[in-house]
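Asker: Single-letter residue listing:
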Amino acid sequence: MKSEKLYESNEHAWIVFGRDIDKPDLIIDTNQYMVTSRNNALLMDPGGIELFSSMLSAVIKELPAHKITHLFASHQDPDIISSLGLWDLALPNATLHSPWLWEGFIRHFGMQNIEYDGIPDEGGRLTLDDVSLEFIPAHYLHSSGNFNVYDPKAKILMTGDIGAAIEGADAPMFVDDFDEHIGKMKMFHQRWMPSNRAKNDWVRRVRELDVEMMCPQHGRIFKGDDVKRFLDWFENLEVGLTKGKR
Amino acid sequence: MSDVSSNYFVAAATIAAKLDYATKVAQRLSLTASNARALTLRAGQSAAGFRPLTDAIHRLSDITVSSSKKINAIAAVLSRLAVEKYRADSALNYFDTIYLQAKKSQHIGSLDDAYAQTQVKQQGLMVKYQKKIKQLTQELEAVEGELRSAVVLKVLCQIEASQAGLAYQDALNNVAENVESIAETIKEQIVFSRQQVAILQ
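Going down the list, the sequences are from chains U and W. Counting along the first sequence from 1, when you hit position 85 you're at 90 in the working numbering, and nothing is skipped either side. Counting along the second sequence from 1, when you hit position 199 you're at 406 in the working numbering, and nothing is skipped either side.
Take the hints with a grain of salt, since some may be wrong.
To give an idea of the chain U side of the interface with chain W (calculated C-beta under 10 angstroms), a few residues [as the list claims (entries may be wrong)]: (1) Phe57; (2) Ser58; (3) Ser62; (4) Ala63; (5) Lys66; (6) Pro69; (7) Lys72; (8) Leu91; (9) Ala95; (10) Pro97; (11) Gly115; (12) Leu236.
None of these hints come from the bench; they were simulated from the model. C-beta atoms are modelled at their ideal positions from N, C-alpha and C, and glycine is treated no differently.
Make a model of the complete structure from these sequences and hints.
Answerer: This is how it looks when you write it as structure tokens:
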């Protein structure tokens with residue numbers, strides 16, 4: 006599994022993990038993100054059970070396992086958090102931050118040690134040493150209980166399935182041609198996102214944030230002007246469609 | 208336990224299902240005993256010798272029902288322990304892979320605590336599992352022993368039926384046949400369960 010540093014300051018860093026060429030062929034490729042601070046780390050959407058070995062191997066190349074004190078699951082899907090039963094044994098003292106709505110469901114993945122911190126619908130904050138992170142509501146995009154993670158200092162927004170594209174494990178890590186990239190995102194957003202109203206609420210909310218980098222859980226990361234291009238494109242896209250029809 | 212841990216879930220769940228069925232069949236034995244008692248009351252003096260046997264049928268039914276329930280509960284615990292152990296085994300396998308994949312990582316040693324704790328957990332589960340297997344074996348043997356008395360009970364019922372008045376002989380013989388056939392059905396479940404226990408060990 007590849008890893009790449011997206012941001013680094015004296016206080017903290019963002020790292021993306023993904024493009025795992027060893028993953029089984031039929032599972033969707035995923036991006037995992039980690040924020041590290043002085044003494045703590047937050048692992049976001051740590052992935053499915055099939056990725057656990059590659060993921061933990063990649064993570065401990067960056068920091069000791071006990072430094073991962075927090076996990077975040079944007080929602081309840083298996084590609085997001087089905088590895089929980091194994092993280093539960095690897096990081097028994099960690100806290101999982103995830104929508105309150107999904108606690109009873111996510112616990113089905115196996116959680117005897119890790120503590121569950123349910124994020125209320127309106128969102129919340131997490132402080133890692135000197136770093137303040139915000140949980141931004143993204144309900145119905147696509148899951149009915151769903152959050153993004155925003156870092157105002159690094160100006161990074163981790164968006165889960167929003168901005169996702171279906172591509173192979175050899176795809177570049179960043180969007181290089183937005184218009185060309187639309188073809189890889191369109192069906193995903195039309196089919197998986199159920200609500201135009203929720204989508205437009207989210208676009209309004211995100212326009213108020215200062216975002217330099219938008220990091221989805223599948224596909225490529227948007228940088229600079231491509232973030233605005235995505236928001237414009239998404240705002241005008243009709244979602245909740247099957248094969249392009251209502 | 209061998210590596211095919213998923214077989215344990217299936218075997219333990221199968222035992223629980225068989226014993227659940229055995230409990231229901233044993234409840235039919237209780238019904239047979241109640242019917243026999245009603246019959247002996249109607250037959251009066253002509254079936255006086257049969258009456259104490261209905262108590263024995265009731266006793267056999269009670270023992271079988273309570274043992275089946277107990278065994279069912281043990282099988283359910285075994286199934287849960289097998290799942291937990293499977294998780295611990297899987298985690299250790301994943302950790303072993305990570306030790307290989309990330310052997311040059313400067314932080315690889317940070318996994319040692321989690322590995323050691325998971326090993327302790329795995330061993331603890333194994334001890335609990337073996338204890339439950341032993342308990343299950345003892346309970347199955349005990350109920351199988353009780354069921355052996357069903358054959359004797361059937362013969363005694365047949366003897367007493369032959370002493371009863373002609374009007375009741377067929378009905379009482381039917382009770383005797385019922386006792387044997389129900390006991391035989393329960394025994395089949397027990398024998399099958401004992402074979403499954405061999406997989407669990």
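Asker: Are U:Pro69 and chain W close enough, Cβ to Cβ, to be under 10 angstroms, as the hint says?
Answerer: holds, 3 angstroms
Asker: Regarding the hint that U:Leu236 lies at the interface with chain W, is the smallest CB-CB distance below 10 angstroms?
Answerer: violated, 38 angstroms
Asker: With a cut-off of 10 angstroms on the beta carbons, see whether U:Gly115 makes it to chain W.
Answerer: This interface hint holds because 6 angstroms falls under the 10 angstroms limit.
Asker: Does U:Ala95 hold up as a contact with chain W if the rule is Cβ-Cβ below 10 angstroms?
Answerer: holds, 5 angstroms
Asker: Against chain W, run the beta carbon of U:Lys72 and see if the smallest gap drops under 10 angstroms.
Answerer: holds, 8 angstroms
Asker: Under 10 angstroms, Cβ to Cβ, is where U:Phe57 needs to be relative to chain W, so tell me if that hint holds or is violated.
Answerer: Constraint on U:Phe57 satisfied, holds at 5 angstroms.
Asker: Hint check: is the beta carbon of U:Lys66 less than 10 angstroms from a beta carbon of chain W?
Answerer: Since the shortest Cβ distance to chain W is 5 angstroms, the answer is holds.
Asker: For the hint on U:Ala63, just tell me whether its beta-carbon gets within less than 10 angstroms of chain W.
Answerer: holds, 8 angstroms
Asker: Classify the hint on U:Ser58 as holds or violated, based on whether any CB of chain W lies nearer than 10 angstroms to its CB.
Answerer: At about 4 angstroms, which falls below the 10 angstroms cut-off, the nearest Cβ of chain W leaves the hint on U:Ser58 intact, so it holds.
Asker: Given U:Leu91 was flagged as interface, is its beta-carbon under 10 angstroms from a beta-carbon of chain W?
Answerer: Where the cut-off is 10 angstroms and the nearest Cβ of chain W is about 5 angstroms from U:Leu91, the hint holds.
Asker: Under 10 angstroms is the threshold here; is the Cβ of U:Pro97 close enough to any Cβ of chain W for the hint to stand?
Answerer: Where the cut-off is 10 angstroms and the nearest Cβ of chain W is about 7 angstroms from U:Pro97, the hint holds.
Asker: Does the closest beta carbon of chain W sit nearer than 10 angstroms to the beta carbon of U:Ser62?
Answerer: holds, 4 angstroms
Violated hints amount to a single one, hint 12; each of the other numbered hints is respected by the structure.
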